[in-house]
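Line by line, the protein sequences give chains A and B. Using our numbering, the letters of the first sequence map in sequence onto residues 98 to 454. Using our numbering, the letters of the second sequence map in sequence onto residues 98 to 454.
Note that these hints are calculated values from the structure, not bench results. Keep in mind that the hints are not guaranteed to be accurate.
The list treats identical chains as one, so a pair stands whether inside a single copy or across any two.
No more than 27 Å apart at the CA atoms, straight line, and that leaves these computed lysine-lysine pairs for DSSO-like [stated by the list, open to error]:
no. : residue 1 : residue 2
1   : K332      : K427
2   : K138      : K312
3   : K312      : K191
4   : K257      : K311
5   : K257      : K364
Number of protein chains: 2
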Amino acid sequence: MKTTFFTPGPAALFPTVEGHYQEAFRLHLGSISHRSSTFRKIYQHTAEQLRILFNLPSSHAILFTGSATEIWERILMNTVEHESFHLVNGSFSKKFYDFSKELHKYANAQHKPFGEGFDASEVEVPEYAELICCTANETSSGVQMRAAEIHKLKKSNKTKFVAVDMVSSAPYPNLDYSLVDSAFFSVQKSFGLPAGLGVWFANEAMLEKSERMKKHEGIVGTYHSLPSLWENYLKFETPETPNVIAIYVLGKVAEDFNRIGVDVMRKETDKKAKLIYDFARKSDQFEIFVEEESHRSATVAVLNCKELAGQVIERVKAKSGMVIGAGYGKMKETQIRIANFPAVDLEQVEALLHNLA
Amino acid sequence: MKTTFFTPGPAALFPTVEGHYQEAFRLHLGSISHRSSTFRKIYQHTAEQLRILFNLPSSHAILFTGSATEIWERILMNTVEHESFHLVNGSFSKKFYDFSKELHKYANAQHKPFGEGFDASEVEVPEYAELICCTANETSSGVQMRAAEIHKLKKSNKTKFVAVDMVSSAPYPNLDYSLVDSAFFSVQKSFGLPAGLGVWFANEAMLEKSERMKKHEGIVGTYHSLPSLWENYLKFETPETPNVIAIYVLGKVAEDFNRIGVDVMRKETDKKAKLIYDFARKSDQFEIFVEEESHRSATVAVLNCKELAGQVIERVKAKSGMVIGAGYGKMKETQIRIANFPAVDLEQVEALLHNLA
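The task is simple: from the sequences and hints, build the whole structure.
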């Protein structure tokens, strides 16, 4: 029986990924120097494909780290001198907030109960906050913050940076990068790659801030400080020996995505999400967790279960080889999470719902 | 024509690596959760195999980062409150030293010219240094610091931490971990894996220091602070979603190494190194760069060339498909570097020397 992953990350591999890995081995990409023109061309290609996919202007650099978790730390170290502000409504947005405290920043937060989301109108940004941290998709609770709301937040806080954690939704959110200063994701979610690479978009204003902080005796880190990453990026290099093969495969998958077209992919995501939520609405076994429709994630659907989540997961797996995720943390026994990433198509979602019924 | 890499990193893949990657895909390791028992078993297996290979006692944790470069930063942030001390004799030991300054530590250094090495007797450790940073193998210059000398350094500085950068030599240096507090490497050198994973051994005394620093308002980082890495390690987990497949493949390669036996591997390395240096000694085209025999690296041989290094490299590549490294930085045109890692066997080294002659 074929195994299909509907887990919210690490997730199903995008169908082309294994082939791209084989090609990477054939091209000896595990042995080439990261200071070679071969590597620089790979970085450049990946950056170009991501620029097309995200409609990312040249004001933003495309930088690579070990994980999106690392980017939480780097962004705080490099752009927050004193105060950050976090919209916290789940385990991952809370971790971002906790990182700021651990780095001895003055961390402000506005909290929402698990399963609820934010609209711009209700957000009160503290006067001295330098960075506003939003989560486009809370993987733990299946709550999204819509791009339009994130844009409004920037429009009413023009002097502050806005950073968007889009770990479990990119490239779904259609962000306007004339308003979004920074956004980031990791490759093991929607892009369907094995884990081990974080992707960070940051703009020139952030670079300038980091350079200023560094000049004024601030500690912005070493090899992965924004100035160091950026200086290397200008040559399409990285400060350290990076995960070369993952950078190559990410470029190839982004190319595959561009061939489909990001608008088509977004529509496909909406269509599959609607199927899942419609199924839950009609079911007497499941219930949609996120009540407010506009906050309901398109890429990670969270459903309350009548029976124990573990039993549902086991039954579906035994019957069909399909693996769905358990609820996050305390919700482990009462919720399931279904990833609706590009790696699973409409037919597979239909088959899953058939097996869940 | 088959391509064989004698480059000092990224380097030739160990012959079993591609097969292990294929198996990783077959096992869906790109999709499994890093909070699952499957992942914990992988981490445990890799740790067990590394413990055997390095004869590493239980006082030391085995931790994973994105790169060895990252470990330079983490070790300084987590174990140096005020002062570090660096033995600097090449580009990589200098970077470690520079990181300390960038982190606003008081960084002390003893310098040697490029191509020279350190013996314990000539090292003068500053009174208030908390951490002594040694480089077991300077990849840039082909200079080693012998394990016995590193051990002596600790014996005469018992209250200070000793950290060993063994990036381009592990598992060759036979370190005594009752004396070495920390050692680290990355997987794209001697282990012959694609890049994207750093491996950090650190002992309990370092953990205690980091916890103490954190308690006294020190900034030791967030997810990759020593306390956070260690807490997760106790469950065989990682703070972030790590490079799961690389951790798996590293365990498999360590198992392959253990099957050969580390003593056999070290003897094999010595034998191949002797061939390379004997060749250079007799050659009128090449000259051994490192004059002092006891400082000559067993794993990265650096040779001065009569003709332009680029021409030598091109000729050998065109003739045999064998790729050797150029000298590092300023030595790019006058030196070649030959990696003598386990991935290339005696016959391949002999063939290379035949082609170089």
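For each hint, the structure was consulted:
{"no.": "1", "hint": "K332 to K427", "verdict": "between (46 Å within a copy, 19 Å between copies)"}
{"no.": "2", "hint": "K138 to K312", "verdict": "neither (33 Å within a copy, 46 Å between copies)"}
{"no.": "3", "hint": "K312 to K191", "verdict": "between (30 Å within a copy, 21 Å between copies)"}
{"no.": "4", "hint": "K257 to K311", "verdict": "within (19 Å within a copy, 30 Å between copies)"}
{"no.": "5", "hint": "K257 to K364", "verdict": "neither (32 Å within a copy, 60 Å between copies)"}
Going down the numbered hints, you'll see the structure goes against 2 and 5, while the others check out.
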